[in-house]
Amino acid sequence: MGDCTGLMETKKEHLRRATLALLVALATATLGSAWARAAERPLLPGVGADDRRAPVSIDEAPWRSIVRIQTNLGGRCAGVVVAPTRVLTAAHCLLNPRTRRLFPASSLHALFGYDRGAYARHLSVAAIATDKNRDPLAVPPDVASDWAILTLTEAAPPSAPPLGLWTPLPPAGTPVMLGGYNQDHAQILTADRECRTLGVAGG
Numbered sequence: 001m002g003d004c005t006g007l008m009e010t011k012k013e014h015l016r017r018a019t020l021a022l023l024v025a026l027a028t029a030t031l032g033s034a035w036a037r038a039a040e041r042p043l044l045p046g047v048g049a050d051d052r053r054a055p056v057s058i059d060e061a062p063w064r065s066i067v068r069i070q071t072n073l074g075g076r077c078a079g080v081v082v083a084p085t086r087v088l089t090a091a092h093c094l095l096n097p098r099t100r101r102l103f104p105a106s107s108l109h110a111l112f113g114y115d116r117g118a119y120a121r122h123l124s125v126a127a128i129a130t131d132k133n134r135d136p137l138a139v140p141p142d143v144a145s146d147w148a149i150l151t152l153t154e155a156a157p158p159s160a161p162p163l164g165l166w167t168p169l170p171p172a173g174t175p176v177m178l179g180g181y182n183q184d185h186a187q188i189l190t191a192d193r194e195c196r197t198l199g200v201a202g203g
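The opening position of the sequence shown corresponds to residue 1 in my numbering, with each subsequent residue numbered one higher.
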């Protein structure tokens, strides 16, 4: 009887291990399929196979000075505080896809400390300034003129201090960091900390 009990325990242990092995195999196969599907997806423009982007803290410098710019149609972009009431962003982000013209200032919103739908402060935009020579229909946008300065209705909160503009302009090869609310990570702030300048446009 003792031998039978031992055999039963051995069979139970064998069955447990076999079941565990099957679960691991299924999990591995599932993950493998997910990885395969991810590998088959086309790479996003400008990202490439070596994606170094990682989440960054919205409470730490310099990331706390980055603002999420939201439009009434749900579009969004990143901007950076450059003066108490001024935010610098890309002009093409403010383009209404329906009219091919810039959104009016009244349609824009600056969200400070944005993370996964929550934010610390919301301010409206009073005015927009862009390069007068910018061609709004240029595809891709002309880098040198693809900027916009948003004037806020109130000063940015102290938690988002202005970042100084880099003068003189940095030479090619200067280490820089690139952060924002990207197309595939729209709800969190991510950044590539290992960028380098390639050159200066319109300098």
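I should point out that these hints are in silico values taken from the structure, not numbers from a laboratory. In this text, a Cβ means the ideal position worked out from N, Cα and C, and glycines have one as well. Wrong hints could be hidden among the right ones.
Stated by the list, open to error - The following label-pair restraints were derived from C-beta to C-beta distances:
hint: 1; residue 1: Leu198; residue 2: Ala120; range: 33 to 41 Å
hint: 2; residue 1: Glu194; residue 2: Ser106; range: 21 to 29 Å
hint: 3; residue 1: Leu73; residue 2: Val139; range: 13 to 21 Å
hint: 4; residue 1: Val139; residue 2: Asn72; range: 19 to 27 Å
To see whether the hints hold, each was checked on the structure:
{"no.": "1", "hint": "Leu198 <-> Ala120: 33 to 41 Å", "verdict": "34 Å, holds"}
{"no.": "2", "hint": "Glu194 <-> Ser106: 21 to 29 Å", "verdict": "39 Å, violated"}
{"no.": "3", "hint": "Leu73 <-> Val139: 13 to 21 Å", "verdict": "20 Å, holds"}
{"no.": "4", "hint": "Val139 <-> Asn72: 19 to 27 Å", "verdict": "24 Å, holds"}
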